[in-house]
Each structure stands twice: as structure tokens, then as C-alpha cells.
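Colleague: Could you put together the complete structure from these sequences and hints?
Line by line, the protein sequences give chains E and V. With the working numbering, the residue at position 48 of the first sequence is 48, and numbering never jumps. With the working numbering, the residue at position 106 of the second sequence is 106, and numbering never jumps.
Source of the hints: derived by calculation from the structure; they are not laboratory data. Ideal Cβ positions, reconstructed from N, Cα and C, are used throughout, including at glycine. Check the hints yourself; a few may be wrong.
Claimed, not checked - Pairs of lysine-lysine, DSSO-like flavour, derived with a Cα cap of 27 angstroms:
hint : chain 1 : residue 1 : chain 2 : residue 2
1    : V       : Lys-42    : E       : Lys-65
2    : V       : Lys-42    : E       : Lys-57
3    : V       : Lys-57    : V       : Lys-68
Unchecked claim - Not close to chain V: a few residues of chain E, all C-beta gaps over 12 angstroms, as computed:
hint : residue
4    : Leu-11
5    : Val-14
6    : Thr-15
7    : Gly-16
8    : Lys-17
9    : Asn-26
10   : Ser-67
11   : Arg-68
12   : Lys-69
13   : Pro-75
14   : Ser-82
15   : Asn-84
16   : Leu-117
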Amino acid sequence: EAQVTQNPRYLITVTGKKLTVTCSQNMNHEYMSWYRQDPGLGLRQIYYSMNVEVTDKGDVPEGYKVSRKEKRNFPLILESPSPNQTSLYFCASSSRLDRGRDTGELFFGEGSRLTVL
Amino acid sequence: EDQVTQSPEALRLQEGESSSLNCSYTVSGLRGLFWYRQDPGKGPEFLFTLYSAGEEKEKERLKATLTKKESFLHITAPKPEDSATYLCAVPFSSGSARQLTFGSGTQLTVLP
Chain E
1 EAQVTQNPRY
11 LITVTGKKLT
21 VTCSQNMNHE
31 YMSWYRQDPG
41 LGLRQIYYSM
51 NVEVTDKGDV
61 PEGYKVSRKE
71 KRNFPLILES
81 PSPNQTSLYF
91 CASSSRLDRG
101 RDTGELFFGE
111 GSRLTVL
Chain V
1 EDQVTQSPEA
11 LRLQEGESSS
21 LNCSYTVSGL
31 RGLFWYRQDP
41 GKGPEFLFTL
51 YSAGEEKEKE
61 RLKATLTKKE
71 SFLHITAPKP
81 EDSATYLCAV
91 PFSSGSARQL
101 TFGSGTQLTV
111 LP
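Modeller: In C-alpha cells:
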């Protein structure tokens, strides 16, 4: 079954304690991305990766790091979490352009709800 | 600055009561407009892509249309299982077409 898998799904942590949210996709997609979703603000992009070893900042990258060492995995790292990073996080992936046009079809994971105390 | 605005924020319908959701956008050189559905506690699920003004796409009780400034998601004779948050998104005017700017969504509730 084609899917994007995120772990953990739920996490409560404390300020300053480093954590990693893993993301793995089994569709051989080149493009992967991380979003956070907050009430009233919608989905905002944190980081994205066009392919292995190629990553770039999205709208709200401060306080986050990513790496793309393998095509299937795209972990999100919070080196020193703070309460304003309490949010619902989504990983998404996508394939190459279809006949020269982007279908806009992102495949999303189930989400990781993070609470930083 | 690229912007996507959805209205209304929330909509309650009786089963069978048709209505429309709006997505207005300001972006240079539109490369597509995308609709997603999000159920509570789940990630968004792709519905449609529209590329040019006048284009329409349909899926069951949903029909999406596009003009030069906005898109509509028409829901005909909705059922309770259509209850969800509907998101629209457009690619950033600069950068990869897969970098999407999302609207805040319309939360649709269909009452039996």
C-alpha cells in the first residue's frame, strides 16, 4: 500500500530536549516536504527536498533542521524545541511532473501532534 | 505576495442542501489550483487539479471550477460523509510548482 509514514504520531516533550520526527514514503517519490498546521494559520511549509541531498527552506524554517540522505526518508529535527513549536506536523511527498505539468498531488502522512511544555 | 483566501470559514448544511465553497487567489502566473479534503485527525487528501480558467473537474458530488481570480467547489446534494475541511492551494509564483500555499480551509458539516 502506497503511504507516507510518520513517527511518532503523538509526543509531549519539554523545552530544549532535542527530538526527531521521522517520515518515510514507499512510492519512490523525489519530492518530500514538511508542513505544520496551526488553527487559523492553515498549513505552512517548513522545509522541502527536491531529491536526495537537496533541501531548502519553506515559509517557517526557524528552529527546524532536515536531512535527505536516502530517497525514502526525510526526518524533521527540532534541536531545542520551544513551546511555539507545539503544532500538528505533516510530511508529504510527490512524484515528478506529469507530462510537463505539476498535478499538485501531494501524499500526506497521518500527522504528528507535538506538544512542547 | 502570493495569497490564498477561502470562504466561508465554516458551513453547515442539511443533507441534500447544495452549496459552494470559495477559494480566491492572488499569484503571478498561476500554474494550477489544487483542492484537498482533510478529515479530523488525518492528513489532507488530494481531490482535484485545475490548470486554466474555464476548466472544471468532477468527482461524485463535488465539482471544482476555476476563473482567473477564484475557484469554486460546488457540492451537490451533500451527504454526512462529505463533512470535512476542504483546502485549496496554489504553487508559489517562484520556485518549484510543488511548493504550495494553502488556504485556511472551509470546515463543512453536513447534518443528517
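Colleague: Tell me the numbers of any earlier hints that the structure contravenes, in ascending order.
Modeller: none
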